[in-house]
Each structure stands twice: as structure tokens, then as C-alpha cells.
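Chains as they are written, first to last, in the UniProt record's numbering: chain R, 1 to 264; chain F, 1 to 497.
Please keep in mind that the hints were generated in silico from the structure rather than gathered at the bench.
Just so you know, not all the hints are guaranteed correct.
[As the list claims (entries may be wrong)] With beta-carbon atoms standing in for the labels, derived distance ranges:
hint, chain 1, residue 1, chain 2, residue 2, range
1, F, Ala74, R, Ile105, 32 to 38 angstroms
2, F, Val481, R, Phe50, 20 to 26 angstroms
3, R, Ile43, F, Asp37, 53 to 59 angstroms
4, R, Ile121, F, Lys452, 41 to 47 angstroms
[As the list claims (entries may be wrong)] Each computed DSS-like pair below joins lysine-lysine, with the alpha-carbon atoms no more than 27 angstroms apart:
hint, chain 1, residue 1, chain 2, residue 2
5, R, Lys115, F, Lys309
6, F, Lys67, F, Lys415
7, R, Lys40, F, Lys455
8, R, Lys115, F, Lys452
9, F, Lys452, F, Lys270
We put the CB at the ideal spot given by N, CA and C, even for glycine.
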Amino acid sequence: MKNMFSRKQLGIPYGLFLVLFVAAPLLVLVYYAFTDGSGKFSITNLLNFFTDPNTLGTLCYSFVLAIVTTLVCLLIAYPVAYILAHSKIKRKAVILLLFVMPMWINFTLRITALKEILSLIEGNLAFYPFLNTVIGMTYDFLPFMILPLYTTLSKLDKSLIEAAADLGADNFQTFIKVIFPLSVPGIVSGVSMVFLPAMTNYVVLDMLYNSTYIMGSLIGSYFSAYDWHNGSMIALILLIIICIVSLISGDSDSEESGRGGALL
Amino acid sequence: MKYFLRKIVSVSLASLIVIGSACAFLPSYAHAATSSDTITLRVCNWEEYIDEGDWDETIDLESGDIKGENSMVADFEDWYYKTYGKKVKVEYSCLGTNEELYNMLTLGDEYDLVCPSEYMIMKLMSEDRLEPFSNDFYDKNIKENYYSRGVSPFIKNMFDSNEINGEAWSRYAAGYMWGITGIIYNPDAVSKEEASTWTIINNSRFKRQITIKDNVRDSIFAAIGAIKSDKLTSKSFLASKDYKEKLAQEMNDTSDDTIKEVQEYLQEVKDNAYSFETDSAKADMITGKVVAGYQWSGDAVYTMDQADKDDFTLNFAVPKESTNIYFDGWVMLKSGIGGNDEKKQAAQSFINFLSMPENAVRNMYYIGYTSVISGGNSDVVFDYLRWNYEADDDEADTVEYPLGYFFSGDSDDEKYILTIPRDQMDRQILAQYPSEDVMERSAVMQYFDNDKNAKINQMWINVRCYNIANVPPWVWIMVDVVIIILAAAYIYNRTKK
Numbered sequence: 001m002k003n004m005f006s007r008k009q010l011g012i013p014y015g016l017f018l019v020l021f022v023a024a025p026l027l028v029l030v031y032y033a034f035t036d037g038s039g040k041f042s043i044t045n046l047l048n049f050f051t052d053p054n055t056l057g058t059l060c061y062s063f064v065l066a067i068v069t070t071l072v073c074l075l076i077a078y079p080v081a082y083i084l085a086h087s088k089i090k091r092k093a094v095i096l097l098l099f100v101m102p103m104w105i106n107f108t109l110r111i112t113a114l115k116e117i118l119s120l121i122e123g124n125l126a127f128y129p130f131l132n133t134v135i136g137m138t139y140d141f142l143p144f145m146i147l148p149l150y151t152t153l154s155k156l157d158k159s160l161i162e163a164a165a166d167l168g169a170d171n172f173q174t175f176i177k178v179i180f181p182l183s184v185p186g187i188v189s190g191v192s193m194v195f196l197p198a199m200t201n202y203v204v205l206d207m208l209y210n211s212t213y214i215m216g217s218l219i220g221s222y223f224s225a226y227d228w229h230n231g232s233m234i235a236l237i238l239l240i241i242i243c244i245v246s247l248i249s250g251d252s253d254s255e256e257s258g259r260g261g262a263l264l
Numbered sequence: 001m002k003y004f005l006r007k008i009v010s011v012s013l014a015s016l017i018v019i020g021s022a023c024a025f026l027p028s029y030a031h032a033a034t035s036s037d038t039i040t041l042r043v044c045n046w047e048e049y050i051d052e053g054d055w056d057e058t059i060d061l062e063s064g065d066i067k068g069e070n071s072m073v074a075d076f077e078d079w080y081y082k083t084y085g086k087k088v089k090v091e092y093s094c095l096g097t098n099e100e101l102y103n104m105l106t107l108g109d110e111y112d113l114v115c116p117s118e119y120m121i122m123k124l125m126s127e128d129r130l131e132p133f134s135n136d137f138y139d140k141n142i143k144e145n146y147y148s149r150g151v152s153p154f155i156k157n158m159f160d161s162n163e164i165n166g167e168a169w170s171r172y173a174a175g176y177m178w179g180i181t182g183i184i185y186n187p188d189a190v191s192k193e194e195a196s197t198w199t200i201i202n203n204s205r206f207k208r209q210i211t212i213k214d215n216v217r218d219s220i221f222a223a224i225g226a227i228k229s230d231k232l233t234s235k236s237f238l239a240s241k242d243y244k245e246k247l248a249q250e251m252n253d254t255s256d257d258t259i260k261e262v263q264e265y266l267q268e269v270k271d272n273a274y275s276f277e278t279d280s281a282k283a284d285m286i287t288g289k290v291v292a293g294y295q296w297s298g299d300a301v302y303t304m305d306q307a308d309k310d311d312f313t314l315n316f317a318v319p320k321e322s323t324n325i326y327f328d329g330w331v332m333l334k335s336g337i338g339g340n341d342e343k344k345q346a347a348q349s350f351i352n353f354l355s356m357p358e359n360a361v362r363n364m365y366y367i368g369y370t371s372v373i374s375g376g377n378s379d380v381v382f383d384y385l386r387w388n389y390e391a392d393d394d395e396a397d398t399v400e401y402p403l404g405y406f407f408s409g410d411s412d413d414e415k416y417i418l419t420i421p422r423d424q425m426d427r428q429i430l431a432q433y434p435s436e437d438v439m440e441r442s443a444v445m446q447y448f449d450n451d452k453n454a455k456i457n458q459m460w461i462n463v464r465c466y467n468i469a470n471v472p473p474w475v476w477i478m479v480d481v482v483i484i485i486l487a488a489a490y491i492y493n494r495t496k497k
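Looking at chain R on its own, in the form it has when it is part of the complex:
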């Protein structure tokens, strides 16, 4: 009786969640991806993906959109995180809060507000669909880039920077040789938190009048035409691509931190 609930059993709620909402849907997804309308095994959906110029084009479009968004986020977030982490401003927490605060507001509301602001600046939004989408996504995902960067940079061992200065490195060299390599783990987690949603978040496109489909909207269009098989296949391939991207970034992550360790 005493050991009725061990620590292991505390994991049961999450285990249930995992089985019900992660593993089971995934199995259904795989089942639909590899069957045709009559329920027979088929790889036509797979072939469709790699032969249809539209799916490939959409994949490229989504990739380009995600890459540009991630780069813009990184370019904006890195200096901010760096300044915040290294300045002696007393109310750092307040400033950080200002950056994170938008996350407390529902993102469709934020995009609606952004739409009005952009209309004031640009006039007719429909002339710049790609630019608007990048702006919208950057607005949406920026906090996800700032936070991990700030955490990494603020935990950075100051003595390393002093050591670099003692050894005669100027500011620029210190940054390139010491600070930047040490902040790579933050960059990697920031990138993966921005890149992946940027490939599929089609609500931003819809709201900002970009009529071109990205992966998310393509999957949706198959589902609404009752074609669960092709839709599932695209979702599955997207999942695999995301896994590969995560693996590569995870790989370089450990490698870079290894290099960071070697610096010591």
C-alpha cells in the first residue's frame, strides 16, 4: 500500500496524453498517407508529391518564406538580446517584458492590428504580399527568437570575454571568436522555434491577403476536397522534413558547444 504511487506513476497523465494525442493521430496519418480511396496500400500519394510541380513549388515557396522570416528575426533579435544581456540597465526585466508582452495577446488580434498599421504605411496591401507576410511572421515570432538568445547570452561567462581582451583581441574579434560561437545553442533553438511554424502558419498569409498557398494551406485544401490521402502524405513529408531540420540543428548544436568547450 505504501508504494501505491511511485514517481513513475506520476508520468501516467503525460503518458496518456502522449498516446492519445500524439502517437494515435500519427498512426492515423501514416495509414491515410499510404492508402488510396478504397483503403488499399498505395504509394501514388508519395509519387504525387514528388511529381506535382505545385507541391514542389509550394515547398520551395514555404522554405524561402521561412528562411527569410528566420533571418530577419535573427538580425533583429540578436543585437537586442546582446545589448540587453550585456548592458547595465537596471530595469532589464521591464525591457525584456516589453518584448515578450505581445505574446500575451492572441496572434490573430495582433495581425489584425498590424494590417491596419501596414495599410496606413503602404496604402494598398495587396501589392506586397510576400513582404507583408514576412513582416507579419516576424512580428509574430520575434519573441521566440529573443528569449532563447537572451538566456544564452546572459549566462555567458564574462571572464572569457575578459580573457580574450587580455590576450589582445579587439571588440570585433572577441565577438567573432568568443561570443558568437558560444551563443550558437541559443541561435539554434531560436531558429527552430521560428523556422518550423513559419513554414505552415497560413493564417498569417490569409489575413495579410497573400493568395499563394504554403504547406499548411495546401494540406487544408486537400482535406476540404475530401482527399485525406494526399493531404496526409504532404503532412507526413512535412513532418519528416522538420525532423531532418531538427536533427541537423541538434547535431550542429552539440558540435558547436563541443567547440565552445574546446575554447576553454
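Assemble the complex: chain R is given as a structure, and chain F must be docked to it using the hints.
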């Protein structure tokens, strides 16, 4: 102490799980307990598509005041008990799109009464999923048969003359709200003539200033209208004997050649339109972001009403080529009813209750769409129209607007002529109760069978997706260069180690 704490946490967590799972089973027990004396009716309707009560305004008609105090569903439950002496409990849920409803049904969700659009009704009919109405549903002598007694002759004719697999729509479906498609426009920027054709969606004068529906069926209809504009408006076509039939054929032409033309046309439209929208056009019209938009009549009425509040005038035009008449209708599902006559009776009573002229007016007022109910012997619906549209006595410029075709089936019926301010001719009333000459050029759009549907969806994807063949060669070369450089850098790094 620490051990004790851990135990408390785990015990409370475990009890939470137990309680949680018990809760999940509770509703089914509750259901079982009441089902013996109460009929449960599972209704699925569009969001905000029924009067939910709590009005501020009263509609003061000559035939009496109308005001929505309670929700229509609650009123139905009361009425049913009073009329039939049996309790009915409506389990009301909402659907987002027709396709979503179809997918839910395929997955095994059960409803007794649903309200899909015409093409989904046709699809469900063709798949033999619908329960036919009982014969006494059509009996006009029964007082409670408000639908059969009150449905507009125009709508009844449509439901009787259109068939799927040799059976008339009216056997399985009762209309709810109906409308047409057209163009809403800002008269300061767009002339009536420019707006009265489907070719406006590709008119470069309004580049990036016109919205299109983000919906493959509506887009195809507009594109076909635009492509065939010359043919459809030619004198010989208009004068042909079986004009209505021919028009329906042309507008439902989904041959491969036409689909290809439609695709090319829509690809041009994509570069000309402001956006493919599902809901944003209403706000964008009112704020002046766009000057014209492809709109369903009900939404057009709502948009014009909202604009009026801001002293901003918007008009509505029905393209000269053709307009798509659409409706949402009530159908009973075999899977839900399951041969239960009590349920079937309750479902039919629900339709009849919504078809009481007062309730039709309440729903119309609340939703903004046009009810299929003309009222039969009752004048309540027409009174509501007069309350809404009739010109004041001191109005100088008025016209007569005959609506006999809808209310009595006789175009020249003098009882159903509205006197309206002249500018209304291009405004709300045209959208809410189109004139007979507009309905002359209306066409029902058929449903697509599975093969057609796949083909048409592919066409839509071709329009909406970025085609990889459009990537210019220099981009490919640059991508190659970047990949080579990255790979080289990676290998160089590895070997250096």
C-alpha cells in the same frame, strides 16, 4: 516529511484522473436516464444562423409586434411541448463548412437534422444518406405544417423541378435561407455597368482593388460567367426557346477544356484581385480598402447596412451573364434518425416551427439572409418587407417593385408590389429580394461527383500554388552555388579536425 508530501501529490493526481474519466462518462448516463420521456433532437446548423434572442429593437408590423426574447431553440422546445404534449431536447451544434460537415458524418458523427448548402444536399442525396420526409409533411390542411403552407411558390418550384437520381429535392430537403451572388461596389469608384458583369474580377482598372471569394465553387462560377460573357449576353442566346435550361448547362459546364480556360482565367485574376477572402471583404469594403467585391447577397445586405451607419454608400449589382442561386436547407440524416418515428416527427416539427411566418421574420432580421418562407395566407413576411423598405410618404422619387413571383407565384399580383425609393433598386432590396428579371438569369450550380471534384480541386491548387516551373533559371544556379559552397565548407571543417 518529504515522502509524505510526495504521496499527497500522487494521490491527488490519481484522484484527479479518476474524477476526470468519470466526468467523461457522466453525460452518457444522464442521457440514458432522460431518454425515456424526452426526445433528443440533434441539430447541426451554421454559426449565427438562427435567432438567439435578446433583441433591443421591436419590429412593429401592422399584423403585430415581433421581438426575439428567447432563443429560437428554447421557443421551439416550449412550443413542441404545448402542441404535442411531449418533451423535446434540442442538442444544438454548429458547422463551419459543408466539407467539414461531410467529413464529420463520414467519421461517424450522428445528427438528426442538418442545414448544409444546396450542393452538399445534392451530394448527400446522391449517396442515399438522407431520410425522406413523411407524406403528411406536405399536407397543407394540417395547421402545424407551416413549411408546406408557407414556402414561396418560386422556391417550391425549384425544389420540385430539380432532381437527383430521379427524385425531387423536395422529397428530402426543406429550404431555410436562400440568396444569389453578385458584386458589391462603391458607386463613387465603379460604375453600375462595370459592376454588372463577371469580367470585373479581371478588370485591370481595379487592379488589387477587388475581392474574390476564397472558394472553388464561387470562383468557377464567376470565371465561367466571365469567359462566356459574350455568348451568354448575345441576343440569339437570350432569345433562345429553352434559355433557362441552356443557361444552367453553360454555367455547369465542367468539361476539361472549360476547366483549363477557367484555370488560366483565375490565374490572371489572382494577379488582379486584392485577395481571395472568406470573411474579410465585409470590413474591407466598409473601410474603403477595396472598391468592389464578389459577394453573397446576404453578406452584401449586411455590408450595405453597416456602411449606411457610417454614411457611406455601397451598391449591389447582379452580373448580366448569370447569377448563382444558392440556398441552405434542412435535411434529415438516415444515420441519425435511424427509423425512429418520434425523432422524425420532432425534426419535421423543428422545420415547421422555423417556417412560422413570425419566426421566419425573426430569423431573417437576426441573420440578414432571405428566408424561403413567403407566408402563404399570412402577410407577416410581406409586412416585414414593407416595414424594411417601403418609401416614406414624402419621398419624391419612388418606383414600384413587384415581388409577386416570390410571394404568390403570379408576377402581376398587385397585392405584392412594394413602393420603394428609387436608389433602393441598386441596393439592399435587390440583394435581399431580387427582382424577377434577375431571377430569370439565375442558375443552380450542380454538385461535383468524386472524379470531377478531384479534377476541380487540382485546378484550384494549380491556381493557388506557386508552380516550381516558374522559378527563373538564375535562381536555380544561385541555389546550386550556395549548396556547393556550404557543402565544401562543411567538408573542409570536418577534414581540418
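What hint numbers does the structure not satisfy? 8
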